[in-house]
Amino acid sequence: MKSNETMTKLPANPERATLDGKNKFLGFWFFLGGETVLFASLFGVYLGLRNATNGGVSANELFELPLVFIATMLLLTSSLTSVFATMALKTNHFKRMIGWFVVTGLLGLAFLGLEIYEFNHYVHEYGHTIKSSAWGSAFYTLVGTHGAHVFVGISWITILIIRNLRRGMDLYTAPKFYLFALYWHFIDVVWIFIFTVVYLMGKVG
Amino acid sequence: MAHHEGHDTLSEHDQSHLDIHHKIAHEKEFKQQIVSFAMMIFLTMIAFVAVASDAISDAFTVIFIMILAGIQLVFQLYMFMHLSHKGHQYPAWGIFFGVFVAGTCVVALMGMIW
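Chains A and B supply the protein sequences, listed in that same order. Mapped onto the working numbering, the consecutive letters of the first sequence carry residue numbers 1 to 205. Mapped onto the working numbering, the consecutive letters of the second sequence carry residue numbers 1 to 114.
Keep in mind that the hints were calculated from the coordinates and are not lab data. Some hints here could point you the wrong way.
Taking lysine to aspartate or glutamate pairs in the EDC-like style, the calculated list, with each CA pair at most 16 Å apart, reads [as the list claims (entries may be wrong)]:
no.	chain 1	residue 1	chain 2	residue 2
1	A	Lys-203	B	Asp-58
2	A	Lys-203	B	Asp-54
3	B	Lys-86	B	Glu-29
4	A	Lys-22	A	Asp-170
5	A	Lys-95	A	Asp-170
6	A	Lys-203	A	Glu-61
Remember, predicted model here, so these are calculated numbers, not experimental data.
The whole structure should be built from the sequences, with the hints applied where relevant.
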């Protein structure tokens, strides 16, 4: 409970206290608006092609809900841990923030591992590849683009932590970490729609 | 709550008041985030159960799980991404313009391919 000495050092919203921070904050939200459209185009194509299986395995036969459920829980939990990190950021607890971001990154890594296992399983056990059907192309492009975003996120936070570990919390580092948290939540938002539209709707038929 | 030794100056006194307000706000936010997270886990489970069980018709299931995803989107944006906080008017415009174009895009692509 040494909050007094730590909380007085930075303003209430350190991520938006400087002009640089304000610009990054606004620009990043606009970027996320653009990302939404990128994923929308992939979702639209997926929905149009989801029954174009070219005589191969169908979504209903391919997907296993327990695996998708575990992946969803991992990503949802990592979204919560990055909220904790953001709260630590706002109360100027640098080490606590780093700790939560490390947990976030590890959960992301577990998610990515599960996705690699899943893709590998589909290709080798079912012959479901990016070339096997129009549906295959749409599936791997959509889910793969999301997976690439998770990979970029993990790389981003790893570099941020290594780069700023000694610097500590100030008005220069706060916007950087805050934007990563926003990005990570966005990745989770996209996943919510992937598990709903791709996996659950695939099971419904 | 805040252990403040000696309020010798007025500004320091004010500062400690400000800190207490921040602290209360943060404790409140912490609770809200936990509740949001529990809600999102709950909604996810309902969606999986709705699909796994044969109790409801397929057409209704699709609409139902899409609504659940929409609710989760709102939770993420407003609770986890703090869109409800002060100073988020322009970010809200940015993301909702994106969502609008995204919706149009999905409908158009689906329609074109079908």
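Right, here's what the structure says about each hint:
{"no.": "1", "hint": "A:Lys-203 with B:Asp-58", "result": "holds, 10 Å"}
{"no.": "2", "hint": "A:Lys-203 with B:Asp-54", "result": "holds, 11 Å"}
{"no.": "3", "hint": "B:Lys-86 with B:Glu-29", "result": "holds, 14 Å"}
{"no.": "4", "hint": "A:Lys-22 with A:Asp-170", "result": "holds, 15 Å"}
{"no.": "5", "hint": "A:Lys-95 with A:Asp-170", "result": "holds, 13 Å"}
{"no.": "6", "hint": "A:Lys-203 with A:Glu-61", "result": "holds, 8 Å"}
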